[in-house]
Every structure is written in structure tokens, then in C-alpha cells.
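Both chains come to you apart, so use the hints to assemble them.
Residue numbers (the numbering used here), protein chains in the order written: chain A, 146 to 462; chain B, 8 to 192.
In short, the hints are calculated from the structure, not lab data.
Backbone N, C-alpha and C fix where the C-beta goes; we use that ideal spot for every residue, glycine too.
Among the clues, some could well be false.
What the hints assert, rightly or not - Stretches of chain A that chain B covers, calculated by requiring three or more beta carbons in the stretch to come under 8 Å of a beta carbon on chain B:
id: 1; stretch: 179 to 188
id: 2; stretch: 402 to 415
Said to hold, decoys possible - The list that follows gives simulated cross-link-like pairs (lysine to aspartate or glutamate, EDC-like), each with its CA atoms no further than 16 Å apart:
id: 3; chain 1: A; residue 1: Lys295; chain 2: A; residue 2: Asp247
id: 4; chain 1: B; residue 1: Lys22; chain 2: B; residue 2: Asp53
id: 5; chain 1: B; residue 1: Lys164; chain 2: A; residue 2: Glu258
id: 6; chain 1: A; residue 1: Lys312; chain 2: A; residue 2: Glu276
id: 7; chain 1: B; residue 1: Lys130; chain 2: A; residue 2: Asp251
id: 8; chain 1: A; residue 1: Lys312; chain 2: A; residue 2: Glu266
id: 9; chain 1: A; residue 1: Lys327; chain 2: A; residue 2: Asp279
id: 10; chain 1: B; residue 1: Lys73; chain 2: B; residue 2: Glu119
id: 11; chain 1: B; residue 1: Lys190; chain 2: A; residue 2: Glu248
id: 12; chain 1: B; residue 1: Lys130; chain 2: B; residue 2: Glu189
id: 13; chain 1: A; residue 1: Lys367; chain 2: A; residue 2: Glu332
id: 14; chain 1: B; residue 1: Lys41; chain 2: B; residue 2: Asp95
id: 15; chain 1: B; residue 1: Lys73; chain 2: B; residue 2: Glu110
id: 16; chain 1: B; residue 1: Lys190; chain 2: A; residue 2: Asp251
id: 17; chain 1: A; residue 1: Lys213; chain 2: A; residue 2: Asp183
id: 18; chain 1: A; residue 1: Lys213; chain 2: A; residue 2: Glu266
id: 19; chain 1: B; residue 1: Lys164; chain 2: A; residue 2: Asp426
id: 20; chain 1: A; residue 1: Lys327; chain 2: A; residue 2: Glu292
id: 21; chain 1: B; residue 1: Lys22; chain 2: B; residue 2: Glu70
id: 22; chain 1: B; residue 1: Lys41; chain 2: A; residue 2: Glu317
id: 23; chain 1: B; residue 1: Lys130; chain 2: B; residue 2: Glu69
id: 24; chain 1: B; residue 1: Lys190; chain 2: A; residue 2: Asp247
id: 25; chain 1: B; residue 1: Lys27; chain 2: A; residue 2: Asp241
id: 26; chain 1: A; residue 1: Lys367; chain 2: A; residue 2: Glu399
id: 27; chain 1: A; residue 1: Lys213; chain 2: A; residue 2: Glu180
id: 28; chain 1: B; residue 1: Lys130; chain 2: A; residue 2: Asp183
id: 29; chain 1: B; residue 1: Lys27; chain 2: A; residue 2: Asp239
id: 30; chain 1: B; residue 1: Lys73; chain 2: B; residue 2: Asp18
id: 31; chain 1: B; residue 1: Lys41; chain 2: A; residue 2: Glu341
id: 32; chain 1: A; residue 1: Lys213; chain 2: A; residue 2: Asp241
Said to hold, decoys possible - Going by beta-carbon spacing under 10 Å, a handful of chain A positions derived as facing chain B:
id: 33; residue: Gly158
id: 34; residue: Gly301
id: 35; residue: Gly344
Now for the letters of each chain:
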Amino acid sequence: MRFAYYPGCSGHGSSVEYEASTQAVCKALGMELVEVPDWNCCGSTPAHSVSHELSAALAARNLMQAGKTGCDCMLTPCPSCSSNLKMGRHRMQDPDFKAGVDELLDEPTPTAENGGADLMETYSVLQAITENVDAASIASRVIRPLEGIKVVCYYGCLLSRPAEVAKFDDPENPMALDNIMKALGAEVLPFAMKTECCGAAMGIPDVNIPGTLSGRILDAAKAAGAQAVVTACPLCHMNLELRQRQAARISGKEFFGLPVFYYTQLLAYAFGLPEEAMRFDKLTVNPAPLLGMIAARRDERMAAVIENNRKSAGAAS
Amino acid sequence: MSNTRLDQARDLDFKRQVEKESGQNLSACYQCGKCTAGCPGAQFYDRQVSQIMRAVQMGLKEEALKNRSLWLCLSCSTCSSRCPNGIDVAAVMETLRSMARREGWVQDRPIESFWKAFLDTVKYTGRSYELGVMADFMGRTLRGWGNVEIAPQALLKNKMPFVPSLIHGRYEVARIFTRYAEKRR
Ligand code: SF4
Ligand code: SF4
Numbered sequence: 146m147r148f149a150y151y152p153g154c155s156g157h158g159s160s161v162e163y164e165a166s167t168q169a170v171c172k173a174l175g176m177e178l179v180e181v182p183d184w185n186c187c188g189s190t191p192a193h194s195v196s197h198e199l200s201a202a203l204a205a206r207n208l209m210q211a212g213k214t215g216c217d218c219m220l221t222p223c224p225s226c227s228s229n230l231k232m233g234r235h236r237m238q239d240p241d242f243k244a245g246v247d248e249l250l251d252e253p254t255p256t257a258e259n260g261g262a263d264l265m266e267t268y269s270v271l272q273a274i275t276e277n278v279d280a281a282s283i284a285s286r287v288i289r290p291l292e293g294i295k296v297v298c299y300y301g302c303l304l305s306r307p308a309e310v311a312k313f314d315d316p317e318n319p320m321a322l323d324n325i326m327k328a329l330g331a332e333v334l335p336f337a338m339k340t341e342c343c344g345a346a347m348g349i350p351d352v353n354i355p356g357t358l359s360g361r362i363l364d365a366a367k368a369a370g371a372q373a374v375v376t377a378c379p380l381c382h383m384n385l386e387l388r389q390r391q392a393a394r395i396s397g398k399e400f401f402g403l404p405v406f407y408y409t410q411l412l413a414y415a416f417g418l419p420e421e422a423m424r425f426d427k428l429t430v431n432p433a434p435l436l437g438m439i440a441a442r443r444d445e446r447m448a449a450v451i452e453n454n455r456k457s458a459g460a461a462s
Numbered sequence: 008m009s010n011t012r013l014d015q016a017r018d019l020d021f022k023r024q025v026e027k028e029s030g031q032n033l034s035a036c037y038q039c040g041k042c043t044a045g046c047p048g049a050q051f052y053d054r055q056v057s058q059i060m061r062a063v064q065m066g067l068k069e070e071a072l073k074n075r076s077l078w079l080c081l082s083c084s085t086c087s088s089r090c091p092n093g094i095d096v097a098a099v100m101e102t103l104r105s106m107a108r109r110e111g112w113v114q115d116r117p118i119e120s121f122w123k124a125f126l127d128t129v130k131y132t133g134r135s136y137e138l139g140v141m142a143d144f145m146g147r148t149l150r151g152w153g154n155v156e157i158a159p160q161a162l163l164k165n166k167m168p169f170v171p172s173l174i175h176g177r178y179e180v181a182r183i184f185t186r187y188a189e190k191r192r
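Isolated chain B, as found in the complex (with noise of 0.2 Å):
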């Protein structure tokens, strides 16, 4: 973990920018540090997701946007139901994470694949898939070895059906991705 350093440039459109796509007002922030007290992800993260809320403030980008805690932030929003002055502190996790990805700043390329894998998944078929999507992060990322641990009982059990559901609008889902992605270009 690296402390906020307040001599670097300043960006404060960046904090502008932040604002706009979040909803939220950052300069509300007096820096409690509830927000990482509750945090199930603070024993996992490069930086505190009080610290990267000051480092926003301050404007400083890349403080902000490069981080891992970006990708293990769990959406709990356990931050955000307890922020006294009312933030939505995961909105912002959520913002900042779409910031670093277009920047090209993605800090944990196996998480990111397990998403892609996900929703890769939910295009071409229409729902999800568990198997489907831990076969094809694997192979992806050649990680995730962890979850062959749990696959005799999850087969055992029958909890992993190996013939995935093809939905009929699967080629109208697909085309929400589709515009999804030529909006994004």
C-alpha cells in the first residue's frame, strides 16, 4: 500500500469527470474512513478505498485508477450503506473501474477475464453458465485451478449441467452486446 502523494499534478477534471459519471460528490468526503473499515476487501487491496476516494478528490489520476482494488471490490456496497455523508462509495468503485479500463490501466487481467468469459457466455446463449464460463477462464488464464478442488462434489451432486440453455431471444441479447461494443469504439 503507497500513501497518497500530494505533490504530483493535479487533475481536478479528472475529479469533475469522476463526478459526472458517478452521480456523486466527492468533495462530500471528509475522510472518515468507514468506508474501509467495513470493507471486505480491505485485506486484499493494493489501496484502501478511503484512500482512493481522497486520491480522487485531490485529482490525482493515476493514484486513483491504478490499483488492483479496483477489480476486488465485491459490489457489496457495505461502503456505501454506511458513508455518513451518503455516498455511493461503490458507484464510484464501479465508475472509476470503466475509467481505468478505457485508459487501457486493467489491473487484474484474471478477473477481468472471468468477466469477459461470463459475459461472453451470456451473448451467445442468453443466460449463464457456470461450467461453461469456469472451463473458458480457465483456459483463458490457465488459473482458477482452485475451483477443481470443489468439482467432484458440484458433479456428485449434479449442480453443473453440462448442456447449456439456449435461450430463443439469444440473438437479440447478442445485439445489445453488439451495440454495447460499436458504442464503445
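Looking at chain A on its own, in the form it has when it is part of the complex (with noise of 0.2 Å):
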């Protein structure tokens, strides 16, 4: 499998994490990832903020340099950045928005048979992973398995919404996350605030919204029994993770000392990948603890194993 990949902004700054162990997670899954060619920012929310035509634009120009790659989709980590590019692209199915688009391009956007833009499918790479690749051989692939530890996952808003767009998982109640976590190895709790938002990006013009809604969050997965988050967005991490000593004081919580990681992380752990796909060092709050349970767990489970098959051997001869 060969997709064009998009990077997004943040992987090369906040989310290095993320970048590495989805890099390395799809290698290990045979998904073939070739960069886009100088892509450029998507906008973000800022972006379609502001217009939705400009947003379109950037949009198209990613999606016409993803053109270059000969693949037939395009695949990104981020959920806001596939949010942009599959609203841009559909958008663009009508002629009249197309037409006002092109007006913002150097050169316009083919043109398909219904008059619309004839441009690729953007993908998330969790949709992909969930499309391509069933929970049976994930689990078949994992040498490190999560112990049984207790997690949540928390999609964010803009993995399967708006539901039509994003044509993927359930716009209330999302399970893709859920079912990799299973076959991992963690027990995974039901949660409620599978798609509150998390105040996005509102954190920088002010971070009583992200701090009032994270909190809130956080505090709903430590009363649920997680020992840890599990997202699959880099601006949710950062609300959740970065920002969490701050959203326990703004939502007057003790502070929650839950790790939160990328699900590319958890699997790069459980594929027994090295150190370098996982980045755990570039976490804050410090998952040094957990793993060390996971780890105590597995000795655990190992030596009764051990003890198991010694004991059926000796009572074999």
C-alpha cells in the first residue's frame, strides 16, 4: 500500500512524538508513506475562520502537489489538518465554489465530469490503519502487550465530524481507537467524553477555554479508573497533556498525573518497536510509571508461564 502523506505543521514542532511512531507504526504495517512534495500549512481553523473559500485554497494546492506522488490518496495524522482537506475537496464538488477557488490559485484545479474539482481523497491515518488492516492482525503483531492496563480514548471533534465529510466511525460514540487499544492489550473503559471538544486551539488568545473543557475531560477519565488518555490528535495532546497542570488549575482540580499518548505510540510500544518510534521523552507528564507497571505485569505473567510449564513438564516425565 502506497499513500501520499501530510505531515501537518505540528509534527514538526509539538507532536514530534507523533510524527516518529506514526512514521514507524506505518512502516511496520507495510503502508508505504511519500511525503507531499513542499506542502504548505492547511490553515487550520484559523483559516476557515475567516473564509471558507481561502480555506479551499490551501487545501487544493496540497491536494494538487499530492497529485505529484502518482498515489491514489493522501494520508495525515491530523485530525483538523484531514478535517480541512476532505471539507476543501468537498467543498469543491461545486462548480460555482470551485470557480471562486481557482480565482485564489496560480493555476486551477482539474476539472472532473460532474464540473466539480477533480482532486484526491485526504485520509486520516487512523482511518487508514482501521480500513487496511483488521484488529486480528494487529494483535498478531504485538510482542509487548499492554497488560491489561486501563485506558480511555478521547477522539476529539473532528475525526468522524461532520459525519457526512468525514465518512468515518460514529460521530458520537467513535470505537476505532477503542478497538486498536483492545487488541493491544488494555483494558478499555467506556467514556462518555469520547468527543467533548477540548478548546482546541482557543488555548493561545485564552486558556480558560481549553482549561475549563480539558479539565473537565481529564477529570471525567480519572473518575472513570483510566490510568491513561489515548488521542489521536495533536491539539487535543496539547490541551490534554501540555496544558494539563494548567487545566487542573483553572478547573480548581488536583492536578491529574495522567499520561495521555498517541495511539501510535501504544502501538510502536506493543510492536516492540525501538525507542526512537515511540519518543516517549517528549511527554510531560511522565509515563515512566505506567510503563514500569506494564513492565511488572508482563514479568508477572512471564514467570507464572515459566512456573506453569515447568510444572506440566515435570509432571509429563
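Here is the structure:
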């Protein structure tokens, strides 16, 4: 499987661990990622907040660049990027909208038979993994299971919404991450806040918004009994992880001390990939105690297996 | 939060304009309040999203456009995915924000400045560059100091590159912005 790949701006900054683990996991799963040459920022929320046409023009340049890779579709790890790129393509199916966007570009977008823009589809890496690799084949690659640690999966707003554009999973109760984490051997707890907004990029103008919203999500995760939160979004990760102390202070709670992982970090861990594939060193909420607990449970389990084997070998002789 | 005033001058052209630009049928809204019930911005809003929908329906232009809620909206689409009448409520909010901007009724300068700082970075480098956006934003508004709290951790973990990436096609990207600005005039 060969895919055009759009890393997104945060992959080079705040989410290097997501980028590294995504690359490593895709490689392990036989998904070849071909980086889109000279890609530009998708404009994120500010662009579509200012103008749909501007946002679509930024998406269109990327999708045309992606065409140069010779791949059929484009993947991106970031839900905000995938949402913008999908939305841009979706809106440009309308010939009038396409014409407006074309006026902003150096070269107009190619025209499809229906008069809309002929551009490739974008999927989140999570969607591509879910649709191309089944849970059994993920489970079969696990050499370092998560040993039943309790996690909640937090999807954020954009992975599955709006449903008619995202065309992925359930908009209210998505399961893609839950299924992957189960395959890796974690205990996945039901979580009511899966798609509640974390406050997105509002933290830059006003820290109180993500502080309050993320505080509520972390508090619910803790109350559910989670030992860690699993996410697929760099913005959510920033609000739940990097801003975790701030969220606790703003929402008037004690520090949650909940490690927040990108799902790809845990895939890389469970597949037994090398340290550089996980980049746990980039996390600000120390994951070491939890990783230590997984290792201790594994040792215990292995010891029991060895003991059992010894006994049955003894009985057989 | 203020109540919707029915005795004000109604402007039904305004309603038609919103319907045209957002592609949504506002008459379908029967004021069930589901959008408001699930809205994460609700606790920060000065006018709830369902009230804004009602104001548009009634052609109450100022009510619909002069509120901070349009800027505080997180674009999470919860409202759109829950509306029993299939209205893309989030798209209506975005349309209203553009219209308010055109009228010169920006109700939240800091958020508007943040978006501007972000888009300027994209315009000049082709990429977004968090540290640059944050510094630019704080310089423009003398706000955003709450972010200083997380700076030590972000820097310690080397999560904020000091050097922006410049793409080859940055002038091509800059031209997108320039043409957009010319078109708006
Ligand atoms: S959910 Fe839909 S019908 Fe209900 S109040 Fe909101 S916009 Fe109107
Ligand atoms: S998109 Fe905006 S109005 Fe709709 S639920 Fe989210 S924050 Fe509220």
C-alpha cells in the first residue's frame, strides 16, 4: 500500500512524537508513506474561520502537490488537517465554489466530469489503519502487550465530524481507537467524553477555555478509573497533556497525573519497535510509572507461564 | 445573555442572505435547543447558538451578528451532528462570523488577532509556526500571557522550534492570500 503523506505543521513542532511513531507504525504495517513535495499549511481553524474559499485554496494547493506523488489518496495523522483537506475537496465538488477557489490559485484545479474539482481524497492515518488492517492482524504483531492497563480513548471533535464529510466511524461514539487498544491488550473503559471538545486552539487567545473544557475531560477520565488517555490529535494532546497542570488549576482540581499517549506510540510500544519509534521522552506527564507497571505485570505473567510449563513438564516426565 | 426581541425591525433579506451563503435552510429550525445543549462553548457565550438561529430566522440582523459567541465558537460541529433537522449549524455560525466581519462588527479582538497572526505566518512562510504565532499574537494584543505558564515545559521538551520552516512555494501561498484580499475589496 502506497499513500501520499501530509505530516502537518505540528509534526515538526509540538507533536514530533506523533510524527515519529506514525512513520514507524505505518512502516511496520506495510503502509508506504510518500511525503507530499513542498506541502503548505492547511490553514487549520483560522483559515476556515476567516473564509471557506481561502481554506479550500490552501487545501487545493496541497492536493495538487499530492497528485505529483502518483498515489491515489493522501493520509495525514492530524484530524484538523484531515478535516480541512476533506472539507476543501468536498466543497469544491460544487462548480461555482470551485471557480471561486480557482481565482485564488496560480493554476486552476483540474475539473471532474461533474464540473467539480478533480482532487484526491484525504484520510486520517487512523482511518487508513482501521480500513486496511484488521484488528486480528494488529493483535498478531503484538509482542509487548499492554497487560490490561485501563485506558480511555479520546477522539476529539474532528475525526468523525461532520459525518457526511468525515465518512468515518460514529460521530457520537467512535470505536476505532478502542478497538486498536483492545487488540494491544489494554482494558478500554467506556468513556462519555470521547468526542467532547477540548478547547482546540483557543488556548492561545484565552487559556480559560481549554483549561475548563480539558479539565472536565481529564476529571471524567480519572473518575472512570483510567490510568492513561489515548488520543489521535496534536491539538487535543497539547490541551490534555502539555496543559494538564494548567487545566487542573483552571478547573480547580488537583493535578491529574494522567499520561496522555498518541495511539501510535502505544502501537509502536506493543509491536516492540525501538525507543525512537515512541519518543516517550517528549511527554511532559511522566509515563514511566505506568510503563513500569506494564513491565512488572509482564514479568509476573511470564514467570507464571514458565512455572506452569515447568510443572506440566515435570508431570509429563 | 439577552432575550430575543421580536419588536425590533425585521430584515428578511438578511435571513435569505445567510441561507444563501451557508447553504442551509434556516426555516427548518424548530428551536428544540439540542444544539445549545451540547455546545462546549455555551458556558462562555453571551448568546446561545439556538438563540442565534432564532434571531436569523426572525431576520434580527444585529442580534445575530453582534455577539462574542460567533468568535468563541470552537467549530466542533457537535451542533451540526445533533440537529434533528440536519442543519449544519456550525456552518451557519461561520457564515455569520464572516458577515459580522464585513459589517465591521468584530466582537472579540484577541481571537481575531490570533487568527490574523496565524494566517500571516502561513502567508509568509507557507507553514504555521507555533512559537512565531504565539509571540506575534502576544505582541499585537499584549494578551496570551497564560501561555507563558506552559512555555518552560514546551521548551524543555523542545516542542517549539525556534526556526520556522520556509517552503519553496511560499510565494505561491502568499499569492493565494493576496488574491483573497483583493477579492474582498
Ligand atoms: S438543534 Fe437544530 S432545530 Fe434544534 S434549535 Fe438547534 S438548529 Fe434549531
Ligand atoms: S460548532 Fe460552535 S456552536 Fe456548534 S457546538 Fe461547537 S462550539 Fe457550539
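Going down the list of hints, with the structure as the test:
{"no.": "1", "hint": "179 to 188", "in the structure": "holds (count 5)"}
{"no.": "2", "hint": "402 to 415", "in the structure": "violated (count 0)"}
{"no.": "3", "hint": "A:Lys295 with A:Asp247", "in the structure": "violated (49 Å)"}
{"no.": "4", "hint": "B:Lys22 with B:Asp53", "in the structure": "violated (21 Å)"}
{"no.": "5", "hint": "B:Lys164 with A:Glu258", "in the structure": "violated (49 Å)"}
{"no.": "6", "hint": "A:Lys312 with A:Glu276", "in the structure": "holds (12 Å)"}
{"no.": "7", "hint": "B:Lys130 with A:Asp251", "in the structure": "holds (15 Å)"}
{"no.": "8", "hint": "A:Lys312 with A:Glu266", "in the structure": "holds (11 Å)"}
{"no.": "9", "hint": "A:Lys327 with A:Asp279", "in the structure": "holds (12 Å)"}
{"no.": "10", "hint": "B:Lys73 with B:Glu119", "in the structure": "holds (14 Å)"}
{"no.": "11", "hint": "B:Lys190 with A:Glu248", "in the structure": "holds (9 Å)"}
{"no.": "12", "hint": "B:Lys130 with B:Glu189", "in the structure": "holds (15 Å)"}
{"no.": "13", "hint": "A:Lys367 with A:Glu332", "in the structure": "holds (15 Å)"}
{"no.": "14", "hint": "B:Lys41 with B:Asp95", "in the structure": "holds (13 Å)"}
{"no.": "15", "hint": "B:Lys73 with B:Glu110", "in the structure": "holds (10 Å)"}
{"no.": "16", "hint": "B:Lys190 with A:Asp251", "in the structure": "holds (15 Å)"}
{"no.": "17", "hint": "A:Lys213 with A:Asp183", "in the structure": "holds (11 Å)"}
{"no.": "18", "hint": "A:Lys213 with A:Glu266", "in the structure": "holds (14 Å)"}
{"no.": "19", "hint": "B:Lys164 with A:Asp426", "in the structure": "holds (8 Å)"}
{"no.": "20", "hint": "A:Lys327 with A:Glu292", "in the structure": "holds (10 Å)"}
{"no.": "21", "hint": "B:Lys22 with B:Glu70", "in the structure": "holds (12 Å)"}
{"no.": "22", "hint": "B:Lys41 with A:Glu317", "in the structure": "holds (14 Å)"}
{"no.": "23", "hint": "B:Lys130 with B:Glu69", "in the structure": "violated (32 Å)"}
{"no.": "24", "hint": "B:Lys190 with A:Asp247", "in the structure": "holds (12 Å)"}
{"no.": "25", "hint": "B:Lys27 with A:Asp241", "in the structure": "holds (13 Å)"}
{"no.": "26", "hint": "A:Lys367 with A:Glu399", "in the structure": "holds (11 Å)"}
{"no.": "27", "hint": "A:Lys213 with A:Glu180", "in the structure": "holds (10 Å)"}
{"no.": "28", "hint": "B:Lys130 with A:Asp183", "in the structure": "holds (15 Å)"}
{"no.": "29", "hint": "B:Lys27 with A:Asp239", "in the structure": "holds (14 Å)"}
{"no.": "30", "hint": "B:Lys73 with B:Asp18", "in the structure": "holds (15 Å)"}
{"no.": "31", "hint": "B:Lys41 with A:Glu341", "in the structure": "holds (15 Å)"}
{"no.": "32", "hint": "A:Lys213 with A:Asp241", "in the structure": "violated (26 Å)"}
{"no.": "33", "hint": "Gly158", "in the structure": "holds (5 Å)"}
{"no.": "34", "hint": "Gly301", "in the structure": "holds (8 Å)"}
{"no.": "35", "hint": "Gly344", "in the structure": "holds (7 Å)"}
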